[in-house]
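Asks: Next come the chains, spelled out residue by residue.
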Amino acid sequence: MLIKLTGGAVYDPASGIDGAKQDIYIQHGRIVDKPAGDFKVDKEYDLKGKIVMSGAIDMHTHIGGGKGNIARILLPEDHRADPVARTDITRSGCGHAMPSTFVTGYRYAEMGYTAGFEPAVLPINARQAHMEMADIPILDKGGYVMLGSDDYLLRMLTAKKDQKAINDYVAFTMQAAKAIGVKVVNPGGINAFKFNQRKLDLDEQNSHYGVTPREILRVLATAVKELGVTHPLHVHGCNLGVPGNVDTTLDTIQGIGGLPMHLTHIQFHSYGTEGDFKFSSGAAQIAEAINKNKNITIDVGQILFGQTVTASGDNMRQHANHKHASPNKWVTMDIECDAGCGVVPFKYKDKNFVNALQWAIGLETFLLVDDPWRIFLTTDHPNGAPFTSYPHLIRLLMDRSFRNDMLATLHPEAQKMTTLASIEREYSLQEIAIMTRAGAARLIGLQDRGGLSAGNWADITVYTDNADRQKMFEKPDYVFKDGELVVVDGKVVHTTWGTTHVVKPDFDASVEKDLQRYFDRFLTMKLGNFTISDDEITEDGRGSLTVHPLKGDVA
Amino acid sequence: MAEITEVPSPFCGIGTDDLTIQVDGVALKVVKNGCAVNTPAFEQAITDTSPRVEGKEVSLAVAIAKAAALLKNTNQPVIGGCATDVNGMRALLALADQSGAVVDNMNFTGARNNFLALQDSGWMNTTLAEVKNRCDVLLVVGADLESFSPRFFERYLWNEGSMFLEDTGKREVIYLGQAPSGQASTSPKGQKASVFECANEDLPEVVAVLRALVKGNPVRVDSVCGIAAADLQNIADKLLAASYSVVTWAAGALAYRQAELTVQTISEMIKDINNRDTRSSGLPLGGKEGDQTANQVCGWTTGYPARTRFSSGFPEYDPYLYDSNTLLANGEADALLWVQAFNTDALPPATNLPMIVVGRSGMAFAKEPDVFIPVGTPGIDHAGHAYRMDNVIAIRLKKLRESGLPSTADVLNAIEQAL
Numbered sequence: 001m002l003i004k005l006t007g008g009a010v011y012d013p014a015s016g017i018d019g020a021k022q023d024i025y026i027q028h029g030r031i032v033d034k035p036a037g038d039f040k041v042d043k044e045y046d047l048k049g050k051i052v053m054s055g056a057i058d059m060h061t062h063i064g065g066g067k068g069n070i071a072r073i074l075l076p077e078d079h080r081a082d083p084v085a086r087t088d089i090t091r092s093g094c095g096h097a098m099p100s101t102f103v104t105g106y107r108y109a110e111m112g113y114t115a116g117f118e119p120a121v122l123p124i125n126a127r128q129a130h131m132e133m134a135d136i137p138i139l140d141k142g143g144y145v146m147l148g149s150d151d152y153l154l155r156m157l158t159a160k161k162d163q164k165a166i167n168d169y170v171a172f173t174m175q176a177a178k179a180i181g182v183k184v185v186n187p188g189g190i191n192a193f194k195f196n197q198r199k200l201d202l203d204e205q206n207s208h209y210g211v212t213p214r215e216i217l218r219v220l221a222t223a224v225k226e227l228g229v230t231h232p233l234h235v236h237g238c239n240l241g242v243p244g245n246v247d248t249t250l251d252t253i254q255g256i257g258g259l260p261m262h263l264t265h266i267q268f269h270s271y272g273t274e275g276d277f278k279f280s281s282g283a284a285q286i287a288e289a290i291n292k293n294k295n296i297t298i299d300v301g302q303i304l305f306g307q308t309v310t311a312s313g314d315n316m317r318q319h320a321n322h323k324h325a326s327p328n329k330w331v332t333m334d335i336e337c338d339a340g341c342g343v344v345p346f347k348y349k350d351k352n353f354v355n356a357l358q359w360a361i362g363l364e365t366f367l368l369v370d371d372p373w374r375i376f377l378t379t380d381h382p383n384g385a386p387f388t389s390y391p392h393l394i395r396l397l398m399d400r401s402f403r404n405d406m407l408a409t410l411h412p413e414a415q416k417m418t419t420l421a422s423i424e425r426e427y428s429l430q431e432i433a434i435m436t437r438a439g440a441a442r443l444i445g446l447q448d449r450g451g452l453s454a455g456n457w458a459d460i461t462v463y464t465d466n467a468d469r470q471k472m473f474e475k476p477d478y479v480f481k482d483g484e485l486v487v488v489d490g491k492v493v494h495t496t497w498g499t500t501h502v503v504k505p506d507f508d509a510s511v512e513k514d515l516q517r518y519f520d521r522f523l524t525m526k527l528g529n530f531t532i533s534d535d536e537i538t539e540d541g542r543g544s545l546t547v548h549p550l551k552g553d554v555a
Numbered sequence: 001m002a003e004i005t006e007v008p009s010p011f012c013g014i015g016t017d018d019l020t021i022q023v024d025g026v027a028l029k030v031v032k033n034g035c036a037v038n039t040p041a042f043e044q045a046i047t048d049t050s051p052r053v054e055g056k057e058v059s060l061a062v063a064i065a066k067a068a069a070l071l072k073n074t075n076q077p078v079i080g081g082c083a084t085d086v087n088g089m090r091a092l093l094a095l096a097d098q099s100g101a102v103v104d105n106m107n108f109t110g111a112r113n114n115f116l117a118l119q120d121s122g123w124m125n126t127t128l129a130e131v132k133n134r135c136d137v138l139l140v141v142g143a144d145l146e147s148f149s150p151r152f153f154e155r156y157l158w159n160e161g162s163m164f165l166e167d168t169g170k171r172e173v174i175y176l177g178q179a180p181s182g183q184a185s186t187s188p189k190g191q192k193a194s195v196f197e198c199a200n201e202d203l204p205e206v207v208a209v210l211r212a213l214v215k216g217n218p219v220r221v222d223s224v225c226g227i228a229a230a231d232l233q234n235i236a237d238k239l240l241a242a243s244y245s246v247v248t249w250a251a252g253a254l255a256y257r258q259a260e261l262t263v264q265t266i267s268e269m270i271k272d273i274n275n276r277d278t279r280s281s282g283l284p285l286g287g288k289e290g291d292q293t294a295n296q297v298c299g300w301t302t303g304y305p306a307r308t309r310f311s312s313g314f315p316e317y318d319p320y321l322y323d324s325n326t327l328l329a330n331g332e333a334d335a336l337l338w339v340q341a342f343n344t345d346a347l348p349p350a351t352n353l354p355m356i357v358v359g360r361s362g363m364a365f366a367k368e369p370d371v372f373i374p375v376g377t378p379g380i381d382h383a384g385h386a387y388r389m390d391n392v393i394a395i396r397l398k399k400l401r402e403s404g405l406p407s408t409a410d411v412l413n414a415i416e417q418a419l
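Protein chains in written order, with the numbering used here: chain A, 1 to 555; chain B, 1 to 419.
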């Protein structure tokens with residue numbers, strides 16, 4: 001079947017097209033060049049006056065894995081307020097803060113998203129992450145495997161194993177857990193919490209291993225680079241949420257010595273200690289450092305007001321934050337000499353000084369970082385806000401008067417502590433398309449996604465131009481996934497199953513020998529039962545694996 | 001004859017995956033690392049191979065058509081048991097969504113003690129590898145750990161190697177409530193567990209006093225339900241002196257009213273210990289025969305654990321109202337589908353309603369169900385996934401033999417299609 005999308009204004013930063021009127025042809029799930037000679041269009045969509053972008057990609061969203069499911073089970077009252085009924089083509093479920101898997105797929109697609117990446121896949125919990133994501137319809141998905149607090153790596157560092165050995169371990173773990181990236185959360189801190197350390201600064205030693213977060217970051221960032229993995233080491237830094245952590249974050253940027261590094265939900269790591277409340281914005285300093293250091297990318301982790309739930313691997317910080325739990329119930333877990341997690345419900349309030357300033361800090365960061373290819377639109381779903389708030393966030397970025405109207409309603413002391421009102425920048429459609437499409441695909445290393453030129457998979461979103469950008473982005477006219485029409489007028493009309501994106505970096509098989517001894521002696525399962533096989537992803541007939549290339553400079 | 005090694009078990013809840021099993025046709029023999037729970041569960045022979053409708057052997061297609069016909073015009077069907085693997089639960093929930101059923105895991109009433117505490121105040125928990133490497137004091141509350149899981153101590157306490165303990169034999173084991181039924185909790189060097197017995201019904205009082213002592217609150221009694229206050233003070237001191245204590249309980253063993261408050265007191269006590277400059281974690285026991293699997297898959301599919309109703313068109317959770325036994329007893333249900341792929345002794349509740357059983361081969365019914373479809377057991381007849389007691393790890397179950405029995409998912413998907 002040949003589909004033609006006629007006359008839309010195309011925003012495709014991957015090919016440098018910024019609003020030009022262009023026709024797009026789709027065949028066999030992919031975008032194709034206009035066929036030569038005589039041809040018959042089987043289905044044509046008249047897109048005059050419409051805006052066309054590729055399907056949006058959420059590069060950091062907690063959509064699969066144990067902590068998310070704890071968050072679901074923890075909050076029946078939140079689900080009751082947002083029941084989702086079954087239809088002839090969709091499954092029932094629940095919505096709001098941590099939606100059920102099926103509803104996650106529907107609601108992302110209904111906003112024009114066609115892919116989401118779970119950033120915190122514990123190696124030992126990777127099966128669950130993939131099983132949950134396998135029940136998310138329409139979206140493509142993938143995961144970043146979490147290392148850095150696992151005892152195996154820390155033992156390697158204490159034993160002064162060389163970088164090559166660490167690279168082998170990282171590559172083995174990426175393959176075993178079916179990952180496309182590597183994440184580190186509070187480097188070494190989750191481990192230190194098990195030894196009763198309650199904080200861990202960048203240069204503070206783990207009391208058992210004597211290893212510092214700075215060393216962990218350095219070896220993991222090096223491993224990711226040397227293995228040729230496109231997505232840079234994905235870093236949730238030290239001291240999340242602690243006033244004054246802007247210094248830690250700046251030090252982290254300097255300390256990585258030019259290696260590629262992605263700092264995630266940086267809003268939570270951009271706090272100073274100035275002012276009457278000893279809490280201030282560090283966004284300007286952070287943005288300056290990002291603008292200067294081209295090896296660094298960030299996503300924001302914007303907070304938006306209302307009830308949500310925070311689910312993180314960082315059990316050290318989540319334990320400290322439990323005092324703010326609202327409603328007052330929370331979970332932490334120590335997990336399998338591998339990692340941990342913490343789940344704390346949060347209600348961000350616009351009349352709360354700290355929350356109001358967090359809101360402003362996130363927006364300052366968005367607006368002060370110059371290069372939209374190195375900053376990504378996230379709320380760290382569900383930690384800053386549920387992903388369903390993205391259209392509202394886009395309006396805040398694109399519409400200064402709307403932003404300033406909102407700002408004027410916040411805690412008055414917070415208004416005094418932010419420069420937001422004076423920032424004139426408004427994001428353009430092309431910049432939004434970079435942050436949420438082309439840039440995200442490039443950052444993750446997705447081949448044939450995030451662009452609209454021929455050869456790309458036909459993940460396409462069509463909007464009606466509307467000065468109210470929130471309205472525009474919350475209800476696309478059409479969404480195509482791999483060439484199939486899945487959404488019309490913001491409602492799912494057809495469901496499909498996306499693929500799971502992975503990379504398969506090489507490792508020396510000898511790494512398994514020592515791992516096998518370690519598993520037998522200290523862990524609770526056999527190494528052979530730990531590794532996830534391809535058929536676990538594909539055997540249900542819905543799932544598939546897409547292996548992306550590594551960078552050419554593989555060692 | 002083949003020998004399969006590193007076989008994981010869905011039966012014991014602790015995820016043992018070191019069994020060696022001999023396969024001779026469809027006969028299985030556990031030749032290494034068996035135990036009183038796993039060996040009989042693996043070795044049980046296949047008897048039924050053919051579905052039955054009203055007691056007569058029929059083809060699978062006929063049985064599925066009949067099952068669909070029985071479910072078709074119901075107002076409130078109930079799907080009980082819910083004992084299967086991840087794919088089985090996926091299919092079960094799809095069928096429940098379509099038929100407007102109540103989904104109720106057979107052990108939910110026990111597990112409810114945990115869910116109510118979790119959903120009211122939360123907890124700080126741990127997993128088995130942390131126990132194996134860190135736990136220096138284990139407090140067992142109201143459970144007979146070794147009958148629950150015969151190899152728990154061998155695998156996770158008296159293990160030779162530990163990353164953070166010099167001598168695992170020096171770990172301290174304390175029982176509060178029920179005394180252990182055997183010697184598994186005695187260390188290899190002969191150090192016995194300390195046992196402070198009381199009736200499980202007395203645990204609310206005993207645990208409340210223990211928590212008060214952990215917090216340093218004064219207690220003005222000499223004994224609590226037969227346990228000396230000084231002994232409880234001693235336990236509190238040990239928990240506070242430990243580097244990483246672990247407190248374990250079995251929600252289902254706390255079979256008295258409002259036992260969720262006991263779980264809550266234990267969990268809040270663990271939080272208190274963590275506020276007194278040391279670490280402590282909880283370890284709820286459970287997860288046999290698909291309990292955790294049912295709750296996990298129902299959790300991501302609906303947002304709620306596995307006592308959830310679909311008859312409004314969307315999932316609704318009520319840990320009391322949707323108890324299938326209550327629904328059946330009160331005449332609020334009009335059909336029962338019982339799903340139990342692991343245990344032939346776990347039979348459906350007695351009812352005169354139309355009844356479909358999708359069960360492990362070999363079930364002996366007091367009253368023949370309208371439809372019985374024998375299915376393969378996950379981890380024996382087909383591959384699959386099952387959650388361990390600590391909820392984090394889904395073990396990859398292996399297919400050990402070619403029995404020709406369909407999986408739970410095959411059967412439930414076919415019934416859904418036929419609807």
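In case anyone wonders, no lab produced these hints; they're calculated from the structure. Warning: the hint list may mix true and false statements.
No more than 20 Å apart at the CA atoms, straight line, and that leaves these computed lysine-lysine pairs for PhoX-like [to be verified]:
no., chain 1, residue 1, chain 2, residue 2
1, B, K215, A, K323
2, A, K349, A, K416
3, A, K161, A, K475
4, A, K50, A, K475
5, A, K292, A, K323
6, A, K475, A, K513
7, B, K271, B, K238
8, A, K504, A, K491
9, B, K238, B, K215
10, A, K48, A, K34
11, A, K21, A, K43
12, A, K323, B, K398
13, B, K29, B, K271
14, A, K526, B, K72
15, B, K398, A, K329
16, B, K271, A, K199
17, A, K526, B, K399
18, B, K367, B, K56
19, A, K21, A, K34
20, A, K323, A, K349
21, A, K526, B, K271
Now the in silico label distances, taken between C-beta atoms and shown as ranges [what the hints assert, rightly or not]:
no., chain 1, residue 1, chain 2, residue 2, range
22, B, K192, A, K161, 56 to 66 Å
23, B, L419, A, D489, 37 to 47 Å
24, A, E424, B, L419, 33 to 43 Å
25, B, R257, A, K347, 54 to 64 Å
26, B, A255, A, K416, 33 to 43 Å
Keep in mind the model is a prediction, meaning the values are calculated, not measured. Glycine included, C-beta positions come from ideal geometry on N, C-alpha and C.
Asks: Which hints, by number, does the structure contradict?
Replies: Numbers 3, 5, 6, 8, 12, 13, 14, 15, 21, 22, 23, 24, 25, 26, in rising order.
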